[in-house]
Amino acid sequence: MNRFLIPLGIFILLVVFLAIGLNRDPREVPSPLVGKPAPIFDLPQLHSPNLKFSPVEMRGKVWLLNVWASWCVSCRQEQPLLVELAESKLLPIYGLDYKDQRADALKWLRDFGDPYTLSISDSDGRVGIDYGVYGVPETYLIDKAGVIRYKQIGPFTREILDSKILPMVKELQKL
Amino acid sequence: MTNPAKNQVLSASIRVNPRLLLLFVFSAFVSAASLAKEAVPMAADEQVEQRLISISEEMRCLVCQNETLAGSHAELAEDLRREIREQIKQGKTNEDIMSYMVSRYGDFIRYRPPLKATTLLLWFGPGLALLLGIAVLLAYLRRRNARLSDVALTPEEQSKVDLLLQAGIGQNKAQP
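Chains S and B, in that order, are what the protein sequence lines are. Under the numbering used here, think of the first position of the first sequence as 512, with each following residue one higher. Under the numbering used here, think of the first position of the second sequence as 422, with each following residue one higher.
You may find that some hints are simply not true.
Here are the simulated DSS-like cross-link-like pairs (lysine-lysine), alpha carbons at most 25 Å apart as the crow flies [as the list claims (entries may be wrong)]: (1) B:LYS510 with S:LYS547; (2) S:LYS547 with B:LYS537; (3) S:LYS662 with B:LYS537.
Here are some, though not all, of the chain B residues that point toward chain S, as calculated from beta-carbon distances under 8 Å [as the list claims (entries may be wrong)]: (4) LEU483; (5) GLU488; (6) LEU497; (7) LEU501; (8) THR514; (9) VAL523; (10) ARG525; (11) TYR526; (12) GLY527; (13) PHE529; (14) ASP583; (15) LEU584; (16) GLN587.
Derived from the structure by calculation, the hints contain no laboratory data. Cβ coordinates follow ideal geometry from the N, Cα and C atoms, glycine included.
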């Protein structure tokens, strides 16, 4: 009996490992920036390019930095949710317009809705590199001290918003 | 061997409308020239480019995950190569550049995972599995050897063996 139990045990262990491995999304690379201060930048605003914006201004607030672009198809998917979140006035959402043309970006906001308190143009993608952006959309939840608390890779879903992000936001706002 | 009849047909068709043909060939060149992107300027410095390749071959492109940063055509890969090139020119070492990338994109960007607590199983797992296998094999062989022992044949068995062997030899002889 023992002769068969050991190989069976090893086989089951192997199956469990492989099943976990197969069910993980390889596109979701854990970000080393979670728990670290959000990189500081000073970039022109999308709507009024002669004005600048820096995350330093957001100290003391819990906010979302959503990386988007007019060429990004899955951004369209999450936009209604973001607009809804913005209307709830739970927290400010700032947009980082990543590697985009200004005219296209402005048109895109008119077409698909503008949930952002402010959008910032990262036209050459350098700030994107500092934030470890490798696919758009990506969203960072930043706390009052300017520390990144959560990174959402890919578009938001209502489920992620309700189960993960909103509870974290409420928790962080209490601090 | 060429087929003279076919050649005739071919040259005849060219002769039919040489202007059209010329236009055709010309338009092909024009469209090719207008479609081609302007060549990306190769770095003036050959050494920088060599280092760029050797560094970026150690890195994974995060967009197309089974390509190196050196070989990928993804836009992000181009941006990251530009970043690496600039850092080389600033005199950064390879380690500096690697840690710059790792601090942004995580260990996943390295093709050679670092040795740390979370990667111990990755690094030593195969060796451990091999050692375990050898240990199991040795234990099994030892047990098997203990069970095997030389047993002498009884006289009856010996005579049976002799008989069989002789019969075998006899058979062999019988065959031509």
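Against the structure, the hints come out as follows:
1. Distance hint between B:LYS510 and S:LYS547 is unfulfilled; the C-alpha atoms sit about 28 Å from each other, more than 25 Å.
2. A hinted pair counts as satisfied when its Cα atoms are at most 25 Å apart, and S:LYS547 with B:LYS537 qualifies at roughly 20 Å.
3. For the suggested pair S:LYS662 and B:LYS537, the alpha carbons sit about 24 Å apart, so the restraint of at most 25 Å is met.
4. About 4 Å separates the beta-carbon of B:LEU483 from the nearest beta-carbon of chain S, less than 8 Å, and the hint is met.
5. Hint status for B:GLU488 relative to chain S: violated, with the closest Cβ pair at about 13 Å, above 8 Å.
6. With 8 Å as the threshold, the beta carbon of B:LEU497 comes within range of chain S, its nearest partner Cβ sitting at about 6 Å, so the hint holds.
7. For B:LEU501, the suggested interface contact is upheld, since its CB lies about 7 Å from the closest CB of chain S, less than 8 Å.
8. With 8 Å as the threshold, the beta carbon of B:THR514 stays out of range of chain S, its nearest partner Cβ sitting at about 19 Å, so the hint is violated.
9. Because the closest C-beta pair between B:VAL523 and chain S is about 7 Å apart, less than 8 Å, the hint holds.
10. Of the supplied interface hints, the one on B:ARG525 holds, with its beta-carbon coming within about 4 Å of a beta-carbon of chain S, less than 8 Å.
11. Taking 8 Å as the C-beta cut-off, the interface hint given for B:TYR526 holds, the closest approach to chain S being about 5 Å.
12. At its closest, the beta carbon of B:GLY527 sits 4 Å from a beta carbon of chain S; the interface hint therefore holds under the 8 Å criterion.
13. With a least beta-carbon distance of about 5 Å to chain S, the hint placing B:PHE529 at the interface is held under the 8 Å criterion.
14. Checking B:ASP583 against chain S by beta carbon gives a least distance of about 39 Å; that is not within 8 Å, so the hint is violated.
15. Taking 8 Å as the C-beta contact cut-off toward chain S, the hint placing B:LEU584 at the interface is violated, the least distance being around 39 Å.
16. With 8 Å as the threshold, the beta carbon of B:GLN587 stays out of range of chain S, its nearest partner Cβ sitting at about 42 Å, so the hint is violated.
Violation of the numbered hints given earlier is confined to hints 1, 5, 8, 14, 15, 16; the remaining hints are satisfied by the structure.
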